[in-house]
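Respectively, the protein sequence lines represent chains U and R. According to my numbering, the stretch in the first sequence is residues 227 to 343, in order. According to my numbering, the stretch in the second sequence is residues 2 to 114, in order.
These are computed hints drawn from the structure, not numbers from a lab. The C-beta atom is built at its ideal place from N, Cα and C for all residues, glycine as well. Careful: at least some of the hints might be erroneous.
Derived contacts from chain R toward chain U, CB cut-off under 8 Å, selection only [claimed, not checked]:
#1 R23
#2 G44
#3 L47
#4 F104
#5 T108
Computed cross-link-like contacts, DSS-like style, restricted to lysine-lysine with a CA-CA straight-line distance of at most 30 Å [said to hold, decoys possible]:
#6 R/K50 / U/K250
#7 R/K97 / R/K59
#8 R/K97 / U/K294
#9 R/K59 / R/K69
#10 R/K97 / U/K250
#11 R/K70 / R/K59
A few chain U positions that, by computed beta-carbon distances, are all more than 12 Å from chain R [to be verified]:
#12 E237
#13 V238
#14 I273
#15 D282
#16 G335
#17 T341
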Amino acid sequence: DAGVIQSPRHEVTEMGQEVTLRCKPISGHDYLFWYRQTMMRGLELLIYFNNNVPIDDSGMPEDRFSAKMPNASFSTLKIQPSEPRDSAVYFCASSHVPGRDRNTEAFFGQGTRLTVV
Amino acid sequence: AQSVTQLGSHVSVSEGALVLLRCNYSSSVPPYLFWYVQYPNQGLQLLLKYTTGATLVKGINGFEAEFKKSETSFHLTKPSAHMSDAAEYFCAVSVKGAQKLVFGQGTRLTINP
Numbered sequence: 227d228a229g230v231i232q233s234p235r236h237e238v239t240e241m242g243q244e245v246t247l248r249c250k251p252i253s254g255h256d257y258l259f260w261y262r263q264t265m266m267r268g269l270e271l272l273i274y275f276n277n278n279v280p281i282d283d284s285g286m287p288e289d290r291f292s293a294k295m296p297n298a299s300f301s302t303l304k305i306q307p308s309e310p311r312d313s314a315v316y317f318c319a320s321s322h323v324p325g326r327d328r329n330t331e332a333f334f335g336q337g338t339r340l341t342v343v
Numbered sequence: 002a003q004s005v006t007q008l009g010s011h012v013s014v015s016e017g018a019l020v021l022l023r024c025n026y027s028s029s030v031p032p033y034l035f036w037y038v039q040y041p042n043q044g045l046q047l048l049l050k051y052t053t054g055a056t057l058v059k060g061i062n063g064f065e066a067e068f069k070k071s072e073t074s075f076h077l078t079k080p081s082a083h084m085s086d087a088a089e090y091f092c093a094v095s096v097k098g099a100q101k102l103v104f105g106q107g108t109r110l111t112i113n114p
């Protein structure tokens, strides 16, 4: 498997523009996570899905952020309108839980470095 | 709620010296614990994990960690540092029934020749 694939790797946009980040999880994984990494706040969980259904979006900073998972092989994180403080590296990760009682590790993509100017 | 504290945002050791990166967690239920490594401009890669069973777990690249419930700790060690170990290391916790990972702030490891 090619791993978790994110696109684009780098995105530079102007304040006020819409930004869409994309993620293809590992085939067969039933959990998908979106994380944001900044120097000030470290790694923050924004939202995660189980079987394409959002389970916890309490980390989404505000209404400008939205995430969707229309099918098991694709997810998007959208920021509209974007602001300079949204500049960060955004990671997508996926995992598969083989049984009810076992937690497993998440596999991370390479990340999208977003710069809002 | 779970939380993770990594003591020391920067650690510097000499090549060949012992590496010790500290991690303490807070959880009201038995935790699952993970160490990830991040190389520059890369995603996170799993080093090792503790779920149940043996409290001393071995991972990739010669790293190991020991789960100590009484100390709520999961420190990462490697007997002899190599230049290629220079990276950022993250400790993370999750709990049964909640697949999401909560990460510590990370520790940047520098290896001196």
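- Message: If you test the structure against every hint from before, which numbers come out violated?
- Response: 1, 5, 14, 15 and 16
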